[in-house]
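Trainee: This is what each chain is made of:
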Amino acid sequence: MKKTTFLLFLFFALLGVTQLNAASYTLDEQKIDQLFDEAVETSMITTLGDGLTELPAGFPAMAVASGDKDVVVALLLDFFLGGLGIHRFYLGTKTMTGIGYILTCGGIFGIVPLIDFIVLIIDNDDISPYIDNPKFFMW
Amino acid sequence: MFLLQTPFFYMSFLSKNIFFVACILVCNASLFAQSGNYVALKQQTEILENRKKLTSAVDLYLDNAKKVLTKHYHSSPEYIMVTNSLGEIKTYYPESNEVDYRQFSELASKRNLIYYFVNNLTDHLGLMDEGFSLVSNSFEGQYYITQWKSPSILKGIESVKMVFENGVPVYSEYKATNSKILRKIYYLNYQDFIQFRLPDKIVEINYLPTGDSIISRTAFSDVEITSEPDSPYFNFKIPDDAESFNNEENQ
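Sequences listed follow chains G and U, in order.
The first sequence: position 105 = 105 (our numbering), numbered continuously.
The second sequence: position 236 = 236 (our numbering), numbered continuously.
This list has only true hints and no planted wrong ones.
Distance ranges between label pairs, derived from CB positions:
#1 U:Ser-221 to G:Glu-41: 16 to 22 Å
#2 U:Ser-221 to G:Thr-26: 20 to 26 Å
#3 U:Glu-106 to G:Glu-41: 30 to 36 Å
Hints listed in this document are in silico derivations from the structure and should not be mistaken for laboratory results.
All C-beta atoms in this analysis are idealised placements derived from N, C-alpha and C, irrespective of residue type, glycine included.
Next comes chain U alone, as it looks inside the complex:
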C-alpha cells in the first residue's frame, strides 16, 4: 500500500506505458519506411495483329503522394509524358527539345491503370471514374462477378463484366450494344508487394468488326517501391529552354 503512493511506482508505471507507445510508434515508422510513396516499374507491351507484332517499352514512375505519373517512352522519338491528378499533361521530346502542354481530366494520373493497382482500387479499375454503374454481383464457383452498365455517353459499349478470384480482378469483358464482345482482358500472375498486388502480365484481346482481333500483351517488371525518390523522373523537370509547340504555332 505504501509502495503505491511512492513516486517510484508512478514513474515505473509511466515508463512502461511510454515504452509500449514507443514500441508501437517504432513499428509503425518501420512499416511506413518499408512502404513508400514512390513506385517505379518497367512496362513492355507487345501488340499482335495479322501475324505482325510491335514491341514498346515504357518506364513508369508514380509519385503516389503527389499523384504525379511520369512515363518515359523508349522510342523514336523518345518522349517523356508527365501527368498530374488534374489531367495536366506535359510531353517533352528531348531530341527536339520541345514541350507540349495539354489538359484532359480523362487522362489524369489517378485514372491510370497503375494508379488503380497501386492504391488497391481493383474493385472497379477505373470503371466508376468513367461513369459506369454497378448493376449486379454474383458468385460462380470460386469467382466473384460484377456487372457494370456503361454511361449513356459511351454509345459503343453496353456493359462490362469483371471477374475476381481471391479478391483481385482476373478477367474483364466489354460488350457492345449488340451483345458482341468488344474486348477481353486477362490479368495474370499476381505479384504481392507490401502495399498492393499487381499482375505481372495483362493480355488484352480487341475484336475488330472484320472478325479479326488485335492482341496486346503487357508485362510489368522491376517494380521498386521506395520512400525517397531514387530517380530524376519522379520530379522530372522540363528544361527552361524547351520550345513550346503552342508558341511555335502562334509565331
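Isolated chain G (complex conformation):
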C-alpha cells in the first residue's frame, strides 16, 4: 500500500514538474503585446547612467551621451553589452546599427563586438573615427 502511494506521489510529482517546464516553453503573448503597446516609440537613445561605478549594474541599455566619449566606458559597454551594440549607441551611431547587431545574434555571438573591443584598445588614444560613425562596421 505504501509502495503504491509512493509511486502515485512520484508519478504526480513528475507530472507536475513536466507541466511546469512545459509552461515555460510558451509565451504569454498578450503580456508582451501589452508591454510593447505601453512603450513610447523612440528613435533616440537617451541618457547614459551615472558613470563608470555603475557599470554594468544600473546601466540603461540604449544610451547615447552627449559630449565627450570615454574609451573606458566604451570598452566596458562593449565587454558586457557588446552583443546588443550598446557601445555603438554610446559612441554615437544610427539606431539601425545597434539593431543590426541584435539581428545578427550580437554580431554572431560577439565576433563584431570583439573586433570593436580590439580596435578600441588599439586606438584608445584617438577614438574619434568611431564616434558618430553610422556604419555597421565602425573600423
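Chain U: place on chain G using the hints.
Mentor: Just chain U, lined up with the frame of chain G:
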C-alpha cells in the same frame, strides 16, 4: 501469341511507358516551378527596453541557389547589405554612394536565421555551425528537447536548450556558466510554405546583468517564393562609381 510478335504491340507498350515517364517529369517540373529558389520577405523588429521601443524594417532577399542574402534596411541612412556564403559582405549606402567591403565567415549568408528556416535546418538553427555539440535529447510531453554544449571559445555561454513541437523549434534558452538564463527565444505561429515552415513572429528576451531585460519582437510578413528573381535586390549591383571606404581611408 501472334499479336505479341507484332511491332504494333511493342510500340503501344513503349508509348505507354513513355507516357508514364512524361507524366512523372511534368509533375516534377510543376513542383519545381512552384518551389523556386528566390525568397523575399519583410522583417519588422521592435526592441523594447525601459518602456521605450525602437522599430526597424528590413526587406530580405535570399537567392537560395547562389546562397546570396540581400538586406535592405529602411533607415537613415538607408543601406543595403549583400552577403554571400563565404561571408563576403558588401554594404552600400545609396545616400552617400559609398560601399564597404568586409569578409567574415561568421556572417555568411548560410549562417543567417532565414537561411536555416528556408533550408529546413531547424534541428539546430545554426548552433552546429557555431561549434555547439549535441549532448542529450529527451521528451517532455508533446515537446522534444535537445541540449547543446557551447564550444570552449564561447566563454559566456554554458549551454543551449532547444524545444521542439510538431517538428519545429518553439523555444530556445541560453544559459550562462553560472546557470543563469541569458536569453529566451520563442518561435511563434508557424506558417506553412511549399518548401519550408517559418514562424511569423520571434520574441527574444535578453536578460541583462542589472536584472532588467531587453525584449525584441520580430515579425515576418509578405513571404514570396518565386522561381525567377522578381526584384532587382536579388541581383543587387553596386554602382560602379560608388566610393569605397577603404580607398577613402588610404587617400
